[in-house]
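Enquirer: All chains, please: the whole structure from these sequences, using the hints.
So the sequences go chain by chain: A and W.
Note that the numbering used here has the first sequence beginning at 68, numbered continuously upward.
Note that the numbering used here has the second sequence beginning at 60, numbered continuously upward.
Just so you know, the hints here were simulated from the structure itself, not pulled from any lab data.
Heads up, some of the hints might be wrong.
[What the hints assert, rightly or not] Calculated cross-link-like contacts (lysine to aspartate or glutamate; reagent style DMTMM-like; alpha-carbon spacing at most 20 Å):
#1 W:K141 to A:D91
#2 W:K138 to A:E286
#3 W:K138 to A:E85
#4 A:K119 to W:D150
#5 W:K138 to A:E135
#6 W:K100 to A:E449
#7 A:K212 to A:E286
#8 A:K187 to A:D198
#9 W:K174 to A:D121
[As the list claims (entries may be wrong)] Label-pair restraints from in silico Cβ distances:
#10 A:N210 to W:G184: 45 to 53 Å
#11 W:L69 to A:N326: 34 to 42 Å
#12 W:K174 to A:N338: 54 to 62 Å
#13 A:K163 to W:P149: 42 to 50 Å
#14 A:T142 to W:D89: 45 to 53 Å
#15 W:V204 to A:T147: 45 to 53 Å
[What the hints assert, rightly or not] Calculated Cβ distances over 10 Å to all of chain W for the following chain A residues:
#16 V164
#17 K197
#18 V300
#19 E316
#20 L361
#21 H422
#22 K435
#23 G452
Being a predicted model, the structure only gives us computed values, none of them experimental.
Note that beta-carbon positions come from the ideal geometry of N, C-alpha and C, so glycine has one too.
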Amino acid sequence: MAKYVIVGASAAGIGAVEAIREVDPVGAITVISEEPCPQYSRPMISDFVSGKADFNKMKCRTDEFWKENNVEALTGKKATALNLTEKTVQLEGGEKVAYEKLLLATGGKPFVPKMEGSDKDGVFTFTTFKDAERLAAKIDSINAKAAVVIGAGLIGISVTEALLKRGLKVTMVELQDKILSLLLDAKASDLVEAVVRKAGVNIVTGQSVQKILGKPGNEGVVDGVILTKGDQVPCDLVIVAIGVVPRTELVTGTAVKINRGIVVDNMMQTNVPDVYASGDVTEAYDFIMNQNRLLPLWPLAVLEGQVAGYNMAGKKTTYMGGTNMSSLKYFGTPIVSIGLANPKEDPALEVLVKHDAERNVYKKLVLKNNVIVGLTLVNCIERAGVSFYLMKNAINVKKFKQKLLSDDFGLATLPVSLQRKMCVVQ
Amino acid sequence: MKRIIAKQELCMGCGLCEVYCTVQHSKSKDIIKAYNSECPKPISRVRLEVNKPISFAIQCRHCEDAPCVTACLSGAMQKDEKTGLVTHNPDKCMGCWTCIMVCPYGAIKMDQQGKVVAKCDLCQGLEEPACVANCPNQALVFKEVKL
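Expert: So this is what it looks like as structure tokens:
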């Protein structure tokens, strides 16, 4: 029997393995992963499609990662059922793996809204390496000329850039009024939208795809889409990049509590003893919203996996929480967005904005009781981490508030006591 | 481990730390070529922070529990358990800027082309990092510091 069983070998699974091994060098670990390939970085799949990275570059740990950590890796195997009384995970084919401590790190699956024609050849989702590989191969095999990307969030913009680099004409369709609406306010979104349009992308907002059309005489193959308002966009490929939803099917019907994702406490433990959950399948703590919620982001999944791993191995650790936080590199426009980007009018919030149209720089801070609760930076991100530190530690910024948006804002701006505490100066 | 620490009251804000760091991380190791002709242009991994009259230099702290390593999407940023160094492999870096987002010190920079990041490597192979050795007022010291 394995002492630790981890279902899922992406960010959260990797974080957990590393944490367990820090505490317990010998306890048997079994990892079950549906994907046959070694640890790779899912956020890099757009670099694969654009041709910027091969699979080798995408590996986020060494080939010997499982071996070095003494892990029994059941790769290419799917976990199909859980028995919480028996404490076993059943694999496809019927084999059972017994556990003492279990981590559910099953991640997310792409959300595909109901639309006519979504089963046609040429429709893709964009989450795994396999998706990227299939998409890249398709572009070559049919010599694809045009694509429609549904969704203008993090995934949508990444795949749009990759397709553009491959020489395709891309139309990005977004249901919201603005692109990147979860990360940017209207002004920052407009600024980025102008850059993306200038690069040659056709952007349609406030609409979705109601129907995917097939080729005349070959109905099963994508020929174009019809938008909500009836406009037709011809294309060879449709990429559905709306986002991910938790892959909870393994726990559905068991005693493990699910809300939108698996519910955990601040030690990443579910309501069932010895069963933990981390990563995109989980509702983890958001320190800005002060509540647990879905935050399907790679760095947070690693952190959550680490916390689960420590606790599974007996080192009591509390998850300090994450928040909606992303950095973007696309279209030569570096962006960082952390916490509240676009809050509703609220007298308790103070909003500071600086827009330098000449340099296309945009900075925005949202404060609550003199603590930063939102940060947006476009084209000027190098000190983002300093502000994130102030956010995460809820540091009162009243005394240096007017300097937060200045170009020379940095560690020297902070009070000396804080500089000492951070071990910056002596 | 040995780390670089700034003595703020001794820093004159001259910026020579940035100059010597740039030269040390250039191909030619020649100040004129590094600044005038090298392509890609080398960048300084140390940053002079100024808020007059205060100034001091800051570079990667090689944190024990480095947030950049946990956050790194590609595995380019790693903690060397033996030396304690936080190392960055530019060949693995995808330039996603996640490390920049989480570094409390703002000590990670974009390279000149805006493709990958660059940060302090404590000048491996030198007895003392170039910024420390060349600080005219000894405002930077290289010594055992616990973080």
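Enquirer: Against this structure, judge whether each hint is valid.
Expert: Hint-by-hint comparison with the structure:
1. W:K141 to A:D91: Cα-Cα ~19 Å, so holds.
2. W:K138 to A:E286: 53 Å, violated
3. W:K138 to A:E85: 12 Å, holds
4. A:K119 to W:D150: 11 Å, holds
5. W:K138 to A:E135: 16 Å, holds
6. W:K100 to A:E449: 18 Å, holds
7. A:K212 to A:E286: Since the Cα atoms of K212 (chain A) and E286 (chain A) sit roughly 19 Å apart, the hinted pair holds (cutoff 20 Å).
8. A:K187 to A:D198: Between K187 (chain A) and D198 (chain A) the Cα gap is close to 15 Å, so the pair holds against 20 Å.
9. W:K174 to A:D121: Since the Cα atoms of K174 (chain W) and D121 (chain A) sit roughly 16 Å apart, the hinted pair holds (cutoff 20 Å).
10. A:N210 to W:G184: 45 to 53 Å: 50 Å, holds
11. W:L69 to A:N326: 34 to 42 Å: For N326 (chain A) against L69 (chain W), whose Cβ atoms are near 56 Å apart, the range 34 to 42 Å is violated.
12. W:K174 to A:N338: 54 to 62 Å: 46 Å, violated
13. A:K163 to W:P149: 42 to 50 Å: 45 Å, holds
14. A:T142 to W:D89: 45 to 53 Å: 50 Å, holds
15. W:V204 to A:T147: 45 to 53 Å: 52 Å, holds
16. V164: Consistent with the label, V164 (chain A) stays out of reach of chain W, its closest Cβ about 27 Å off (over 10 Å).
17. K197: 19 Å, holds
18. V300: The claim holds: V300 (chain A) sits with its nearest Cβ about 30 Å from chain W, beyond 10 Å.
19. E316: Given that every Cβ of chain W is farther than 10 Å from that of E316 (chain A), nearest at about 27 Å, it holds.
20. L361: The claim holds: L361 (chain A) sits with its nearest Cβ about 19 Å from chain W, beyond 10 Å.
21. H422: Fine: 21 Å to the nearest Cβ keeps H422 (chain A) off the interface.
22. K435: With a cut-off of 10 Å, K435 (chain A) remains clear of chain W, as the shortest Cβ separation is near 21 Å.
23. G452: 4 Å, violated
Going down the numbered hints, you'll see the structure goes against 2, 11, 12 and 23, while the others check out.
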